[in-house]
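*Asks:* What follows is each chain in one-letter form.
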Amino acid sequence: MSGRTRFIIGGVLIAAAVVYLIASATKANAQYFLTVNELLARQDELAGKNVRISGAVLGDTIQYDPQKLELHFTVAHVPGDNKEVEREGGLAKVLHDAVNDPNRAHLDVVYYGPRPDMLKDEAQAIMTGHLGEDGVFYADELLLKCPSHYEDAVPEQAESGN
Amino acid sequence: MLAYIGYGALWLAFVLSLYAIGAAVYGALNNRFEWVESARRAAVLTWPMLLLTAGSIIALLVTNQFQVEYVASVTSRAMPMYLKITALWGGQAGSLVFWSLLMTTFGSAVMLRSWERDREFLPWVIVVTMVTLAFFIGLNLFVENPFARLWATMDGQVIKAVFQPQGAMPFTPRDGNGLNPLLRHPGMIAHPPMLYAGFVAFVIPYAFAMAALITNRTDARWIRLTRRWSLAAWLFLSLGLILGMRWSYDVLGWGGYWGWDPVEVSALLPWLTGTAFLHSVMIQEKEGLLKHWNMVLIILTYALVIFGTFLTRSGVLSSVHAFAQSAIGPLFFAFIGITFALSLFLLMRRWQDLKSDLRIESLLSREALFTFNNMIFVGVTLVAFWGVIFPILSELVTGQKVTVGPPFYEKATGPLFGLLLLLMGIAPLSAWGYASAKRLGKLLLVPAAFAVVTVAALLVAGIRSLWALVGFGLVAFVGYIVAEEFVRGVRARMRRGESLPVAAYRLIVRNRRRYGGYIVHLGVILMALGIIGTHFFASETQATIPEGGKITLGRYAMTYDALQQFFAPDGRHVARAIVTVYKDGQPVAEVHPRRDFYLDSQQPMTIPGVRSTWLDDFYVILVDWQPISVEGATFKVYHQPLVGWIWIGGLVFIVGTLVAVWPEPDPEERTTARKKPARTRRGRPLPRSARA
Chain A
1073 MSGRTRFIIG
1083 GVLIAAAVVY
1093 LIASATKANA
1103 QYFLTVNELL
1113 ARQDELAGKN
1123 VRISGAVLGD
1133 TIQYDPQKLE
1143 LHFTVAHVPG
1153 DNKEVEREGG
1163 LAKVLHDAVN
1173 DPNRAHLDVV
1183 YYGPRPDMLK
1193 DEAQAIMTGH
1203 LGEDGVFYAD
1213 ELLLKCPSHY
1223 EDAVPEQAES
1233 GN
Chain B
-4 MLAYIGYGAL
6 WLAFVLSLYA
16 IGAAVYGALN
26 NRFEWVESAR
36 RAAVLTWPML
46 LLTAGSIIAL
56 LVTNQFQVEY
66 VASVTSRAMP
76 MYLKITALWG
86 GQAGSLVFWS
96 LLMTTFGSAV
106 MLRSWERDRE
116 FLPWVIVVTM
126 VTLAFFIGLN
136 LFVENPFARL
146 WATMDGQVIK
156 AVFQPQGAMP
166 FTPRDGNGLN
176 PLLRHPGMIA
186 HPPMLYAGFV
196 AFVIPYAFAM
206 AALITNRTDA
216 RWIRLTRRWS
226 LAAWLFLSLG
236 LILGMRWSYD
246 VLGWGGYWGW
256 DPVEVSALLP
266 WLTGTAFLHS
276 VMIQEKEGLL
286 KHWNMVLIIL
296 TYALVIFGTF
306 LTRSGVLSSV
316 HAFAQSAIGP
326 LFFAFIGITF
336 ALSLFLLMRR
346 WQDLKSDLRI
356 ESLLSREALF
366 TFNNMIFVGV
376 TLVAFWGVIF
386 PILSELVTGQ
396 KVTVGPPFYE
406 KATGPLFGLL
416 LLLMGIAPLS
426 AWGYASAKRL
436 GKLLLVPAAF
446 AVVTVAALLV
456 AGIRSLWALV
466 GFGLVAFVGY
476 IVAEEFVRGV
486 RARMRRGESL
496 PVAAYRLIVR
506 NRRRYGGYIV
516 HLGVILMALG
526 IIGTHFFASE
536 TQATIPEGGK
546 ITLGRYAMTY
556 DALQQFFAPD
566 GRHVARAIVT
576 VYKDGQPVAE
586 VHPRRDFYLD
596 SQQPMTIPGV
606 RSTWLDDFYV
616 ILVDWQPISV
626 EGATFKVYHQ
636 PLVGWIWIGG
646 LVFIVGTLVA
656 VWPEPDPEER
666 TTARKKPART
676 RRGRPLPRSA
686 RA
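Order-wise, the sequence lines are chains A and B.
First residue of the first sequence? That's 1073 in my numbering, and the numbers climb one at a time after it.
First residue of the second sequence? That's -4 in my numbering, and the numbers climb one at a time after it.
It should be emphasised that the hints constitute simulated quantities derived from the structure, not laboratory data.
Every value quoted in this text rests on a predicted model; they were computed, and no experiment measured them.
Keep in mind that the hints are not guaranteed to be accurate.
Derived Cβ-Cβ restraints for the label pairs, each shown as a range [as the list claims (entries may be wrong)]: (1) B:R344 - A:I1081: 23 to 33 Å; (2) A:I1081 - B:K437: 15 to 25 Å; (3) A:A1089 - B:V138: 36 to 46 Å; (4) B:Q159 - A:G1207: 50 to 60 Å; (5) A:S1096 - B:G151: 51 to 61 Å; (6) B:Q559 - A:A1089: 50 to 60 Å.
For glycine and all other residues, C-beta sits at the position ideal for the given N, C-alpha and C.
Required output: the full structure, derived from the provided sequences and hints.
*Replies:* As structure tokens, this is what we get:
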């Protein structure tokens, strides 16, 4: 086998390794990104599965037990479609409406860890975790965004609780 | 008034850049060099205009002109002066102006150099830099105007507009929103300008690459002319990334330094392709190979620079919702799409001309290993890019948004980074042209033995994690090779009668590019040490303890001694705990984890207390406290082994880059002066381009 052939085989192997790594890592770590309504509609199918949920934080429901580092709060459904968000007047307004609309679907969330700095009323919470049998969402990761205050890119971990 | 001056200057800069584009194209196509000269002057003039624009924004910021919407959104009265100045890049509109200012600064610097030898490049370099500049100024003028003012309309709404709308009254808020507290940190103040400087500096090599394609000058001249620009761009990007990591570690209070969030990834993408580019251009300079590949890399880097600016600045992030939030999104995508397509078209047109009559003939030759290194860097870029766009792709294809988190990136990039580390060790030992496995094997024998001994020692010490052992083994292997490279060079000089310090100094200074590169490699190895340490051996615990209580974590312990609360003059309420850190039962340090509450933005911020040594960090976060009750306070504690090496390695890395980028006495002249007879590879003469 000539050096040239061996070089080409080496290149092909590397390319194959990259493709394999992307495919396998995607398969193992992909999570659905859903709205509260979508999660509740597919509750049976998705219970126990790792998913990502976005919702608006209801400020009155935030409870924190620093002894156990146990955080409880409730989020309200916000639409996931960008065009819909635009039509309704931007993210800040959508979050505000979601929190103040008693007819919206709600989801109770439990999270263990330090209380995130940006957790407050009308913040957008993006949570990774699973829906328990009890209908409560157990979040392993919690990202928060407050569109009313900051237009700009704070890296997301800035707003994460862990 | 000030706002109108800045606004006017911005318009002038826009018009000048458009004129420069037109004049340069006309001059080049009709061989009328006076038009190109005129274009050059116009391009240089954009610099004072943007300086005036940025200067008036800063003047507005520091004088609290809250009637200007941008000022109101990023500053407040309580903010110290230096933060008000740096608020220039604290928001979207201002940071786009800052981007343009950097673009025209770098562009003008290039325009002012002597062009005699490369006159045919000049018009096209003007076109590329000015098109980029005009795009960014256009964003400011038509979409994100930093000079828009607030007006109260008749029906009681507050709107923003540059000129007074009909029937509206000027509106001035009493105070501004203030800069996001998270951004009020030295690391975060320096981080965006560094990142931007890196982004923008990469436009220069791209501009020369395009000029080379258009003028069909396919030798390595464009690479040699921009080598220092590429290195400088890379230096700034690296600095920006490292500062960002440090900021994340110091401020965000989660014990980590890299979270693979889209903002970080978007800054990493051009760094990855840029790193590949820096390596592969060496092959073109030395051997005349990989000409197409270098073009592809610099085109990709340019596209990723614009993409990265867009991602860091537009609030797209990973949020499902934010994508259409700002009007600049579609504009960015259109610009990236058009420039990318045009660049590829130019490349295709010259495809035949770029063909080299040489091929890579040996699996273990240095050019082959460099090519593999390049492929892996591009592989990591693909992984990271895939992670960022996967949610969008999946929604387009399946209608269902699917995301991937940090585990995806770690799993997919980990093995690739390991391979890169391995190649980093082997490649410098391999020979150009043809390398035999036997010879290379001989050279690798001792380093490999050293790695085996290291791993055995770690096994004895009780480390059982397979991948951590592989990682440490690689670090030992590559570390030995790099160290040997230095020792060998210094020894050779000492044999000629130089003393040790003189020999070491001269070795590096006389071969800046090579030994600068090795110093960078050394930095990478040290950083790898820190990354392996924190990735595999970090531990954490948390507890609520009364005053005088104790939390134990491994060989460490901490006691909660007292809590202090006070108002700081810059508008914060501070609650800080006095914590004593013990190691093996002995008190070793006092740290002060704290919670700052920013009154203007009503936002708390958690700052850790950290005790750092070269071996490990003990990192304490004050989670919560009850001032009066007996319950005391809740702490979260992290033990981060070897994390300090990330910062030490980062420093070494930067020093190495500085060594490589430092100007040498006219390298171009020197190489021509000591023109050696052309080397041949396996009996064939080298092409002209490879000799130059």
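*Asks:* Does each hint fit the structure? Answer for all of them.
*Replies:* The hints, checked one at a time:
no.: 1; hint: B:R344 - A:I1081: 23 to 33 Å; result: 32 Å, holds
no.: 2; hint: A:I1081 - B:K437: 15 to 25 Å; result: 24 Å, holds
no.: 3; hint: A:A1089 - B:V138: 36 to 46 Å; result: 42 Å, holds
no.: 4; hint: B:Q159 - A:G1207: 50 to 60 Å; result: 55 Å, holds
no.: 5; hint: A:S1096 - B:G151: 51 to 61 Å; result: 58 Å, holds
no.: 6; hint: B:Q559 - A:A1089: 50 to 60 Å; result: 54 Å, holds
Hint compliance for this structure: every hint is met.
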